[in-house]
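First to last, the sequence lines map onto chains F and S. Per the numbering used here, residue 1 is the first one in the first sequence, and the count goes up by one each step. Per the numbering used here, residue 1 is the first one in the second sequence, and the count goes up by one each step.
For the record, the hints were derived by calculation from the structure and aren't laboratory data. Check each hint, because a few of them may be wrong.
Below, a list of computed lysine-lysine pairs in the DSSO-like style, where the Cα atoms sit at most 27 Å apart [said to hold, decoys possible]:
hint, chain 1, residue 1, chain 2, residue 2
1, S, Lys50, F, Lys86
2, S, Lys50, F, Lys144
3, F, Lys46, S, Lys307
4, S, Lys203, S, Lys192
5, F, Lys144, S, Lys45
6, S, Lys245, S, Lys50
7, S, Lys179, S, Lys245
8, S, Lys157, S, Lys169
9, S, Lys307, F, Lys37
10, S, Lys157, S, Lys235
11, S, Lys312, S, Lys80
12, S, Lys338, S, Lys21
13, S, Lys192, F, Lys64
14, S, Lys50, S, Lys21
15, F, Lys64, S, Lys338
16, S, Lys21, F, Lys128
Every beta carbon over 12 Å from chain F, so not counted as near; a handful from chain S, in silico [stated by the list, open to error]:
hint, residue
17, Lys21
18, Glu131
19, Glu138
20, Ser148
21, Gln177
22, Arg194
23, Gly210
24, Leu216
25, Ile223
26, Gly277
27, Ile319
Computed spacing ranges between beta-carbons, pair by pair [claimed, not checked]:
hint, chain 1, residue 1, chain 2, residue 2, range
28, S, Glu120, F, Tyr77, 35 to 41 Å
29, S, Asn26, F, Gly148, 29 to 35 Å
30, F, Asn123, S, Pro34, 18 to 24 Å
31, F, Ser19, S, Asp158, 33 to 39 Å
Virtual Cβ for every residue (Gly too), placed ideally from N, Cα, C.
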Amino acid sequence: MDVTEILKSLTDTFPEVISEATAESGIRARAYVDREKAREVCQYLKDSLQFDHLCSVCGVDYIKRNELEVVYHIASYNHPVVLMLKAVLPRENPEIESAVPVYWNANWYERETYELFGIMFKNHPNLKPLILPEDMLGEWPLRKDYKGFPNATARNLV
Amino acid sequence: MTTIIPFGPQHPVLPEPVQLKLEIDNDVVVGALPSLGYVHRGLEKFINTKDYNQTTYICERICGICSALHGITYTRAVEKLFNVEVPERGQYLRVITGELNRIHSHLLWLGLFADGFGFESLFYECWKYREAVLDVLERTTGNRVIHSMSKVGGASKDFTDEHINLLLKTLDTLEPQVKDLERVFVNNYTVKKRLVGLATMSKQLAYEAGTAGPTLRGSGNSIDLRDSSDWDIYKDLGFKPAVEKDGDCYARTKVRITELYDSIKLIRNAISKMPKGEIATPIKGFPTGEAIMRTEQPRGEVVYYVKGNGTKNLERLKIRTPTFANIPSLLLTLPGIKLADVPLVVLTIDPCISCTER
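If we strip away everything but chain F, and leave its shape as in the complex, we get:
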């Protein structure tokens, strides 16, 4: 399965959900996905396009656009394409459906994104901080909106 075929199949199945689907090279592709339908798209990727391995989930804070982004990196063990699937979330209410029912290993990746960015993953089985101490919850240390960024940390310990 090659990258143009994958993107075509994806945009044909979800014409209103997928936007800006582009192939960067023979083994890399990216697309924006509507946040309401992110999980369904993941399900389709896994079932029909052999994307059976979730590499990572991460958040990015775009402070100028006043938006957060969730980036899923999805790869396959059967073909070499890695897909970067991005969902844009508003800063006030960053909520997205959890991908855990599709990819079991999304559990820890989403917990990490939650504690660092404050992105809520709806229907996540255990959305608790993973690495940070419990009392840092709510500081969202990788967001860029606090005073003194980037030299200060969220709690201004340094």
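Based on these hints, arrange chain S on the given structure of chain F.
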């Protein structure tokens, strides 16, 4: 009645600071609750204050054992942003340091593992052999642990003929030593008694749980990023992943021993094919755009996501390390295991908590 016994973060067998709260019923584990965060340094945040060249050195300091491959993966990702092609000699130099890194990491792990099941003399033996690899790294790259061999655009130092002769000589002495280790690890009665059938992970579980590296390959999945299109240079070197079917601790040990031979072979092939010429392409400007890069580390797949914004700092750097992927699946294999075997099982995924928490 179950009792909860804390395992770690300070433990005589497991040198890594991870805590598992083990639910014990009659000396058998029924559940495990991990607690992480003892070595979290916030490096993904720290890079916001550094430029993209300095970030190379930060990435190398994520972990002391797989430092070379962290640096290499980061630089390869940033090169994607600049769209530059690294000269072939630079790529071969990276492969050689990366594989030497893998050899010393696996030898370190074998030693710790031997210590884990109470075979202390074997621990000394493994670390003695590892010392020779560190010495050759020091002589060739200038540093024992953090090699700084890879920079954005290529390699930072070149090997002379003298270096290469020394390297080949070290490999020639290392190979029979690894054979000797293999004899002890693979055929020893006590070792087999302790490891065969312990913490079996089925092919399906390892695959679906997204495990990485020797844990994945020890369960019969023939998946290795050195064998994929993510790193083209390995195609010329004739690489085949090491795979074992059984999925137990013994299989994972055997995978790592086979990989030692593979690495020795890869370095020899790389040296014979390495062309003369430039080692790095000069880089100008600031990175824009985004890229993902995946590399096979000693512990498995490491994923780097870099996003540039046209200034000297990166907008975002995300690192997903292999142990982060392996620990959740490890927790699934713990129930049903005797308390005395827990350190061994935890060691077989080769946990690197510094990587995990960054």
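Results of checking the hints against the structure:
1. A distance of roughly 26 Å separates the Cα atoms of S/Lys50 and F/Lys86; the hinted pair therefore holds under the 27 Å criterion.
2. A threshold of 27 Å between alpha carbons decides the hint, and for S/Lys50 with F/Lys144 the separation of about 15 Å falls inside it, so the pair holds.
3. Proximity of F/Lys46 to S/Lys307 is assessed by CA-CA distance (about 26 Å); at most 27 Å being required, the pair is judged to hold.
4. Pair hint S/Lys203 plus S/Lys192 holds up; C-alpha atoms about 21 Å apart against a cutoff of 27 Å.
5. About 10 Å separates the Cα atoms of F/Lys144 and S/Lys45, which keeps this hinted pair within 27 Å; it holds.
6. Only pairs whose Cα atoms come within 27 Å are accepted, and S/Lys245 paired with S/Lys50 is rejected, the gap being roughly 45 Å.
7. A distance of roughly 21 Å separates the Cα atoms of S/Lys179 and S/Lys245; the hinted pair therefore holds under the 27 Å criterion.
8. Between S/Lys157 and S/Lys169 the CA atoms are separated by roughly 20 Å; this keeps the pair inside 27 Å, and the hint holds.
9. Between S/Lys307 and F/Lys37 the alpha-carbon distance is near 24 Å, which keeps this suggested pair within the 27 Å criterion.
10. Proposed proximity of S/Lys157 and S/Lys235 is supported: the alpha carbons are some 24 Å apart, at most 27 Å.
11. Of the supplied pair hints, the one linking S/Lys312 and S/Lys80 holds, its CA atoms being roughly 16 Å apart against a limit of 27 Å.
12. Between S/Lys338 and S/Lys21, the direct Cα distance comes to roughly 14 Å. Compliance with the 27 Å bound is thereby established for this hinted pair.
13. A C-alpha spacing of about 59 Å is found between S/Lys192 and F/Lys64, which places the hinted pair above 27 Å, so the restraint is violated.
14. Taking the CA atoms of S/Lys50 and S/Lys21, the gap is about 37 Å. The hint is violated against a cut of 27 Å.
15. As the CA atoms of F/Lys64 and S/Lys338 are separated by approximately 54 Å, the hinted pair breaks the 27 Å bound.
16. Only pairs whose Cα atoms come within 27 Å are accepted, and S/Lys21 paired with F/Lys128 is accepted, the gap being roughly 16 Å.
17. A cut-off of 12 Å between C-beta atoms confirms that S/Lys21 is not in contact with chain F; the least separation is 14 Å.
18. For S/Glu131, the condition that its CB be more than 12 Å from all CB atoms of chain F holds, with the nearest at approximately 33 Å.
19. Annotated as non-interface, S/Glu138 keeps its C-beta farther than 12 Å from every C-beta of chain F; the closest such distance is 33 Å.
20. Distance to chain F confirms S/Ser148 as a non-interface residue, since its nearest Cβ pair spans about 24 Å, more than 12 Å.
21. Every CB of chain F lies more than 12 Å from the CB of S/Gln177, the least distance being 34 Å, so the non-interface label holds.
22. Residue-level check passed: S/Arg194 sits 29 Å from the nearest beta carbon of chain F, beyond 12 Å.
23. Its closest Cβ contact with chain F, about 3 Å, brings S/Gly210 to no more than 12 Å, contrary to its assignment away from the interface.
24. A Cβ of chain F approaches the Cβ of S/Leu216 within 12 Å, the least distance being about 9 Å, so the stated non-interface status is violated.
25. Not every CB of chain F lies more than 12 Å from the CB of S/Ile223, the least distance being 6 Å, so the non-interface label is violated.
26. Every beta carbon of chain F lies more than 12 Å from that of S/Gly277, the smallest distance being close to 25 Å; the non-interface claim holds.
27. For S/Ile319, the non-interface assignment is contradicted: its Cβ lies about 9 Å from the closest Cβ of chain F, within the 12 Å cut-off.
28. Between S/Glu120 and F/Tyr77 the beta carbon distance is about 39 Å. The supplied range of 35 to 41 Å therefore holds.
29. The hinted range of 29 to 35 Å is not satisfied by S/Asn26 and F/Gly148, whose Cβ atoms lie roughly 54 Å apart.
30. With their beta carbons about 22 Å apart, F/Asn123 and S/Pro34 fall inside the hinted range of 18 to 24 Å.
31. A hinted range of 33 to 39 Å for the beta carbons of F/Ser19 and S/Asp158 is inconsistent with their spacing of about 47 Å.
Checked against the numbered hints above, the structure breaks hints 6, 13, 14, 15, 23, 24, 25, 27, 29 and 31 and satisfies the rest.
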